[in-house]
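> Chain residues, written in single-letter form:
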Amino acid sequence: MRVLTYRDALREAIREEMLRDERVYILGEDIAGYGGTYSVTKGLFEEFGEKRVRDTPLAEEVIIGTAIGSALTGLRPIAELMTMNFSLLASDQIINSAAKFSYMFGGQPRIPMVIRMPGGGGAQRGAQHSQFFETLYAHVPGLKVVMPATPYDAKGMLKSAVRDDDPVIFVEHELLYNVKGDVPDEGVEYTVPLNRGERRREGSDVTLVTFSRMVHICMQAAEELAKTGIEAEVIDLRSIRPIDLDLVLDSVRKTNRVVVAEEGWKYYGTGQGVVALIYEYAFDYLDAPIGQVTGKDVPMPYSKPLEQAALPTRDDVIAAVKAIVPALGAATAAR
Amino acid sequence: MAVRDVRQAREVRQPAQAPSETQDFGGLSREQLLDLHYQMEVLRLFEEKAAEAYTLGKIGGFLHLYIGQEASGVGAISALAPSDYVVSSYREHGHAILKGIAPREVMAELYGKATGCSKGRGGSMHMYSAEHRLIGGQAIVGAQIVISTGIGFGISYQGLKDVALTFFGDGAVDEGAFHEGLNLSSVWKLPVVFLCENNMYSMGMSVSKAWSVPSLEPRAAAYGVPYISVDGMDVLAMRAAVSQAAERARRGEGPTLIEAHTYRFRGHSMADPARYRTRDEESQWKANRDPIVLFEQRLREAELARDEDFKANEEKAAAVVEDAARFADESPFPTEDDLYSDVLQDGSGAIAWRNKPSTPRE
Ligand SMILES: Cc1ncc(C[n+]2csc(CCOP(=O)(O)OP(=O)(O)O)c2C)c(N)n1
Ligand SMILES: [Mg+2]
Chain L
0 MRVLTYRDAL
10 REAIREEMLR
20 DERVYILGED
30 IAGYGGTYSV
40 TKGLFEEFGE
50 KRVRDTPLAE
60 EVIIGTAIGS
70 ALTGLRPIAE
80 LMTMNFSLLA
90 SDQIINSAAK
100 FSYMFGGQPR
110 IPMVIRMPGG
120 GGAQRGAQHS
130 QFFETLYAHV
140 PGLKVVMPAT
150 PYDAKGMLKS
160 AVRDDDPVIF
170 VEHELLYNVK
180 GDVPDEGVEY
190 TVPLNRGERR
200 REGSDVTLVT
210 FSRMVHICMQ
220 AAEELAKTGI
230 EAEVIDLRSI
240 RPIDLDLVLD
250 SVRKTNRVVV
260 AEEGWKYYGT
270 GQGVVALIYE
280 YAFDYLDAPI
290 GQVTGKDVPM
300 PYSKPLEQAA
310 LPTRDDVIAA
320 VKAIVPALGA
330 ATAAR
Chain E
0 MAVRDVRQAR
10 EVRQPAQAPS
20 ETQDFGGLSR
30 EQLLDLHYQM
40 EVLRLFEEKA
50 AEAYTLGKIG
60 GFLHLYIGQE
70 ASGVGAISAL
80 APSDYVVSSY
90 REHGHAILKG
100 IAPREVMAEL
110 YGKATGCSKG
120 RGGSMHMYSA
130 EHRLIGGQAI
140 VGAQIVISTG
150 IGFGISYQGL
160 KDVALTFFGD
170 GAVDEGAFHE
180 GLNLSSVWKL
190 PVVFLCENNM
200 YSMGMSVSKA
210 WSVPSLEPRA
220 AAYGVPYISV
230 DGMDVLAMRA
240 AVSQAAERAR
250 RGEGPTLIEA
260 HTYRFRGHSM
270 ADPARYRTRD
280 EESQWKANRD
290 PIVLFEQRLR
300 EAELARDEDF
310 KANEEKAAAV
320 VEDAARFADE
330 SPFPTEDDLY
340 SDVLQDGSGA
350 IAWRNKPSTP
360 RE
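Line order of the protein sequences matches chains L and E.
Going by numbering that gives the first Met the number 0, 17 is the number at position 18 of the first sequence; the sequence numbering is gapless.
Going by numbering that gives the first Met the number 0, 188 is the number at position 189 of the second sequence; the sequence numbering is gapless.
Some hints could be false.
[To be verified] Simulated pairs of lysine-lysine, DSS-like, Cα-Cα distance not exceeding 27 Å:
1. E/Lys208 / E/Lys188
2. E/Lys310 / L/Lys99
3. E/Lys48 / E/Lys310
4. L/Lys321 / L/Lys265
5. E/Lys48 / E/Lys315
6. L/Lys253 / L/Lys41
7. E/Lys188 / L/Lys41
8. L/Lys179 / L/Lys158
9. L/Lys253 / L/Lys321
10. E/Lys160 / L/Lys50
11. L/Lys158 / L/Lys41
12. L/Lys50 / E/Lys188
Don't read these hints as lab results, they were simulated from the structure.
In isolation and in its complexed conformation, chain E is listed as follows:
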């Protein structure tokens, strides 16, 4: 069933029932709602801490922050079971934490420490956890899309009920991988949820200049895939959209394409001063569409939570983030002994490592 906008998505979620308070809040308890708020706080503060560490030179390379997009990740991943897979891009620190990797291990990975979730070999763009089913960090734009097709196939081949949720940006949909992945997932009815976080820009390229059509709806239609447009700043709408898509996937009916409308509050990476968009546009989004502020307003208006609840969450999140940074600071770097490990699973390493130096002629 194709769903056009957020309002319609809500209707689909609550067929023929008068809206009640709990339904407006997705049937979640106060504790669950406050937990969603807490998760968004963790992501926000984690990224702010990472930005600080980056400016101090503790984090190298690229650093792509998730600030502004927290509702998308939190809402989406809260709709999944722990055994579901999340496949993501380089903007994945938040997804890694939400899938259950300890913030300590994510921060340590940013620092390039041996205690990082990828042993310091991946860095900010390559988080991974087999245990938590976070099939991480693809820095080749769009590459995760075809891999999630494969994960979906693996799930259905083995008759399991898991789902693969894949995050990608508005730039990724212009890669061939998007076409190939959606088409095959649709033909084979694979349990994949395709989640495009449309933050309006791929680096400096705006959607309006890059897309031949203004929405992903016709693209979804081209592959016979249901389409959901959702407010990516609304954590509950995100949760509802992904729940609906995941249920469909679990029923064996195939993939769904979700387009989440969101905005990154920072530049593309730490190196980007964002000259391609106006300061006015940025401040409008930050002032009016901050997903954490919006959620707080809603909870406050419904008298489900008060400022001290939010404050408590913020303090708890700040402590977790401080602990993560301390852990990363104190962790050791990998040593050169580790340089050739894991090139191959059989431990044979790389050619350079195996061969002995030249011997003189006898």
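Chain L with its partners taken away, still in its complex shape:
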């Protein structure tokens, strides 16, 4: 094992897949000379050259159209969109073409395409650079949507995504790029499946279901909660579609209490989708209504205190847990 940043782990995954398979190439805005807006692709242009590291004009729709069309000829593109916010300009190609082709054309087309895109707030980038839209894509049958939280998963899931024959939306978080974590040594081959979540912490009192950067915030909350005698189980979904529902339900059946935590907007979002699935499949097992922690219901403000107020925090998670674990909360308060 070594310690790598999330960014370097992603770059290793891309590099290894490009070395392994000639059909893999990358394209996007400023990924070559500039090295990638968040430096994920730095050095790849120098190593692989212009043929396989393609800087594109500022034209998101044709970036994804190119990825799709080339996939139909047998290539395995990795497209980078500068941020998830800009993916809306390509959303027609992502949703109406990539997601639907296999089904609509009787299973014939295969689109082994990965679209990487960072999202998320916390860096004061304002309303048009800070959103998560995984909900939009996770809504659509025909797509896979993954949101790894650790360098280990970032590398392993990106490699799986490149090898997968379906279109994969690979959502990174801007504030995760510098996060460090254990990654197997160079040359040690591993992948992480695209349809399995991970139990990050065991606990018996409440289940925290979360993904992406909120995993780290939930882990901090769980440590704090442990000090007050509440043991939280933390489930990192890793993949939003397909969702590892068995992992979630097994935990719910054990703890009987759930808080779903995410950074995005609350209403009609990913979290509410998970809440609905738990109610649908494990209603009988719940001892309390499911709690939700989300970003606030506003476009992301720029000003630092406002942005901090709009983002969900460790304390929000703790409060949501305490609201549905009343016995222990009451016992502590009455002490």
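With chain L fixed as given, assemble chain E with the ligands onto it according to the hints.
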């Protein structure tokens, strides 16, 4: 090389040579010429049959007919090799047949039958065949343009000599996809032939009201792409224009934009009574510019074919179309077992299909 009109296109095709009979006919043999006629007949009769089936309720949804535009598809696709790609819109039944999909499978797709080329899941707007390289049916206007850029990239990345020909309408050029696709294809010199079938209307919107310029020539110039204007009612001119563009693409010199001037004889779809244009305009086109009639006249005048040849083609085409309709009629519908197939290539299906119902608490 930018080419302005049909006459000039012919000049480019036959540099410094006196016109001879075979050159006027694109160097094609009598059999080849009659085959082009036959293909146009198949498309015409196929669409007429489809219209009939639609009124009988055998075809649902939208149905966009290609009647009037046959010379464009037949001429263009006859200029390609079988391994070339055709990328098209929702007005693609003819393109699908011309690329080699059996008319039976195209008709069955219109009927929503399991034997259709997209297993009945696509319908009239979503024909596809990986085998025949018909990258079908896009019902999002203009979306096929950026996909053809990608196909062109895939071809050039792999060092292949194929070409991607993409059909779109005069409405599609006003979508952002047209700008993005032409620009990138030009910058990367991709082997794509962009073929705008200008039938003067996008649904009810006329080109004269929608376009800031009356021709696509300045738009092509804006992307550094050669432009060819061609009579879309002339099957041989279409063939010549696409040949020229495809050769350029194969030489690695990049894309060409072709504007084919044509007219759809029917409404936009079966639901459209075409109130935005005059009956007089329609009858003028039908009487004077019918691509099948025009081609027959030419062959007749050159004494290359006679009425009985055309009649024979029509009968042969009618039999193929009848067979296609019978096949579609007799084919089974897909069953509900097929509902969740192919959502994903890995067979895992949709979320709804995978999950088990709620279990009671123990
Ligand atoms: C993005 C989008 N906008 C609008 C429509 C509705 N629509 C379908 S066909 C059409 C007209 C397109 O005209 P044109 O590109 O000229 O092709 P034609 O039908 O004449 O072959 C319109 C507006 C659509 N399908 N997709
Ligand atoms: Mg039109």
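> It remains to establish, for every hint, whether it holds in the given structure.
Against the structure, the hints:
With a C-alpha separation of about 32 Å, the suggested pairing of lysine 208 of chain E with lysine 188 of chain E is violated against the 27 Å cut-off. For the given pair, lysine 310 of chain E sits about 43 Å from lysine 99 of chain L by alpha-carbon distance, which is inconsistent with the 27 Å threshold. Restraint check for lysine 48 of chain E and lysine 310 of chain E: the C-alpha separation of about 18 Å stays at or below 27 Å, so the hint holds. Distance hint between lysine 321 of chain L and lysine 265 of chain L is fulfilled; the C-alpha atoms sit about 20 Å from each other, no more than 27 Å.
Between lysine 48 of chain E and lysine 315 of chain E the CA atoms are separated by roughly 15 Å; this keeps the pair inside 27 Å, and the hint holds. Among the hinted pairs, lysine 253 of chain L with lysine 41 of chain L is inconsistent with the structure: their alpha-carbon atoms are about 45 Å apart, more than 27 Å. With a C-alpha separation of about 26 Å, the suggested pair lysine 188 of chain E and lysine 41 of chain L falls inside the 27 Å cut-off, and the hint holds. For the hint pairing lysine 179 of chain L with lysine 158 of chain L, the CA-to-CA distance comes to about 19 Å; that is within 27 Å, so the pair holds.
Using a Cα cut-off of 27 Å, the hinted pair lysine 253 of chain L and lysine 321 of chain L holds, with the two alpha carbons roughly 18 Å apart. Restraint check for lysine 160 of chain E and lysine 50 of chain L: the C-alpha separation of about 17 Å stays at or below 27 Å, so the hint holds. For the suggested pair lysine 158 of chain L and lysine 41 of chain L, the alpha carbons sit about 18 Å apart, so the restraint of at most 27 Å is met. Note on lysine 50 of chain L and lysine 188 of chain E: the hinted pairing holds, with a Cα-Cα distance of about 13 Å set against a maximum of 27 Å.
In the structure shown, a violation is registered for the earlier hints numbered 1, 2, 6, in ascending order.
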